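Make a model of the complete structure from these sequences and hints.
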Amino acid sequence: MSVDLVQSLAWCLGAASLATLMFIIIGLIPGTSETATIAPATLVVVLLGCPPEATLSFCLAAVATKHLVHAVPTAILGLPGDNMAIPMLEPSAKLRALGLPHVALQKMVSGGVVALLLSVPISVGFATLLAPFGAFVKSWVGPIFAVVGLALAFTSPGRWASVALFLPYGVIMQALNGAAVKVNGGPGLTISFMLGMALGPMFVDLLMALSPTARARLTVDGPRRIWLAPEAKMWSGRLPTPWSVLTVRQLLYVLLSTIVSAVTFTFTAIGMTFLVGSVTQARVKGLYNKLTTSLSTMNATSESTYIAEILVPLVAFGLPLSPIALTVALPLFNAPPVYGTAPVNNIHTLLTPLQVGVYGTLSVIAACALTYPLVMRYARSASAWVMRNVAQEAVLAMFAGLLVVLSFYEGGAIGVAVAVSVGIAGGALNKLVGFNIAAQMMSYFAASWLMSTLFGGG
Amino acid sequence: MASRERRLLNIWDDTVDLPALLVSVAGGAALGLAAYKLALAALMARQGETAASLIKAYALLGGVGGCVLAAVLVGLVVKPKRIVETAQASAADQIDLLASLGADPDEERRALETTPPKVIAEMQQLKIHDLFVAFSRGSDAPKP
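Chains as they are written, first to last, in this note's numbering: chain A, 1 to 458; chain V, 1001 to 1144.
If you're looking for bench data, these hints aren't it; they were derived computationally from the structure. Source: prediction; values computed, not measured. Note that CB positions come from ideal geometry on N, CA and C, so glycine has one too. Treat the hints with care, as some may be off.
To be verified - Ranges of calculated distance between the beta carbons of each label pair, as one might list FRET restraints: (1) A:N389 with V:R1110: 46 to 52 Å; (2) V:Q1094 with A:P223: 17 to 23 Å; (3) V:K1127 with A:R283: 25 to 31 Å; (4) A:F136 with V:G1065: 41 to 47 Å; (5) V:A1026 with A:R388: 21 to 27 Å; (6) A:F274 with V:A1099: 47 to 53 Å; (7) V:D1093 with A:S244: 32 to 38 Å; (8) A:R388 with V:L1061: 41 to 47 Å; (9) V:A1099 with A:R159: 32 to 38 Å; (10) A:A282 with V:G1065: 47 to 53 Å; (11) A:P223 with V:D1093: 27 to 33 Å.
Claimed, not checked - Just so you have them, the derived chain A footprint on chain V, three or more residues with Cβ under 8 Å: (12) 1012 to 1020; (13) 1026 to 1037; (14) 1057 to 1069; (15) 1108 to 1118; (16) 1125 to 1137.
Here is the structure:
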């Protein structure tokens, strides 16, 4: 082996292990958004000048770990680990009621591990099939963003409201970006917009808390009651392998959902998870089999859609053409001055598809190898500790700090002002009519082409 | 703040104390920004020849460190507003429980006949197989 290859492998495994250890801890805290945690961490790794194999491995291992560990609060506490865990709450709650939270956890984590191992090669393979259309896609970026964005808006919880908001919201975002350009010059902001949208719900709740007329809607009677699942024999001896936990049919469903999510890489990830869950529940008979099969396939989908939504557009086009690529994985596509999309100068140009496949597979294997035994052994005691010791105030303090630091880094004081304004506007529309973050980000990205086409100038 | 009545609010899906939250959020923002600016100033003074973009990146790492420090400090001072209960809320009749979870005796009986042996073995190991069998037989003699 050449020295270069050994170095690259060391970067890949080192970055993947670091991401895994960080996101095992973050993943245990319920409701920690992937966009607000994985994107900033990846951005720092990119900006520090780590080689492309390290940034790719860091991001993929972070995603893999977050979506294995999000099963812990979901199964043990009945609180979603993040938005992607919401579809799994109901079947998890039923197994919890039967006294089987550990089974829910094991099925989710095993489904996730199997999907991870399959999804990197499947996504890269599908991307190389799409790559010949790359030149076409690159010359039609504007209209493609507009069409994909409108479709995403339609599939968001807001439906027609989101479609109606697509252009007006883009105009507002362009106006805010214009304000930043006027102060700073240059092409404007990206990270500040993404973080503002990701933390929108926090801004809206904070504003409501400050308003005497709105506060009553947030007031609660007392401390929140959380029922911790009973102690069950959570593997103390030899751990079963993830694939031996699943039945043949469950493995088959995991494989199918992995292939489907590679092909549907521009769809909303949470929507796909709900869809796969309801299809599985309809096809499998018997409560126990139904619940365990749907949990394993749903968490498989939450992993494989994420991996596909990052790798397919990255390998095929180098353009962030999916909801996850536009939010959680944006720093792999666009992180000035290191990576950029106009012209494309990022992982797409720096690594061959084969390299992406190899480093990607190694990083998810590293993530699984570290996460799986830890989750299986310490899930219950770790969740109990988090619930008793980690205050929501501390989590929100960190999010507020990250927003200010990253947007100040990107755009100075006006960057912070833009991020807060985006958070208020986006958060309000998200909460009020279900115009979700993916649709908002697409609207922002499509807006410059839409506006120059509709209103001229440019 | 002991004498004042605590005002608990639900912010982003969890319970917080409003004054504590406002101080925490402002503190997180201030500490993060201060750490970023301090790191930037210190690095600029030290290494004149390093690329400006790399200096900013190291400073960003410092800023993120400030955010994590803020979270740890808040975590040490502010306690969570949660009650963690471990007792199961009245484990009623297991058969009633299955019905409340949306199981249907007829469907379960047919399902048990076609369920693969591996799943049956899994259910036996978890000691819920007998429960499901009893539940599915319950439909032969429906309760009035």
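Cross-check of the supplied hints:
no.	hint	in the structure
1	A:N389 with V:R1110: 46 to 52 Å	holds, 48 Å
2	V:Q1094 with A:P223: 17 to 23 Å	violated, 30 Å
3	V:K1127 with A:R283: 25 to 31 Å	holds, 27 Å
4	A:F136 with V:G1065: 41 to 47 Å	holds, 44 Å
5	V:A1026 with A:R388: 21 to 27 Å	holds, 26 Å
6	A:F274 with V:A1099: 47 to 53 Å	violated, 25 Å
7	V:D1093 with A:S244: 32 to 38 Å	holds, 34 Å
8	A:R388 with V:L1061: 41 to 47 Å	violated, 31 Å
9	V:A1099 with A:R159: 32 to 38 Å	holds, 35 Å
10	A:A282 with V:G1065: 47 to 53 Å	holds, 49 Å
11	A:P223 with V:D1093: 27 to 33 Å	holds, 31 Å
12	1012 to 1020	holds (count 8)
13	1026 to 1037	holds (count 9)
14	1057 to 1069	holds (count 10)
15	1108 to 1118	holds (count 8)
16	1125 to 1137	holds (count 3)
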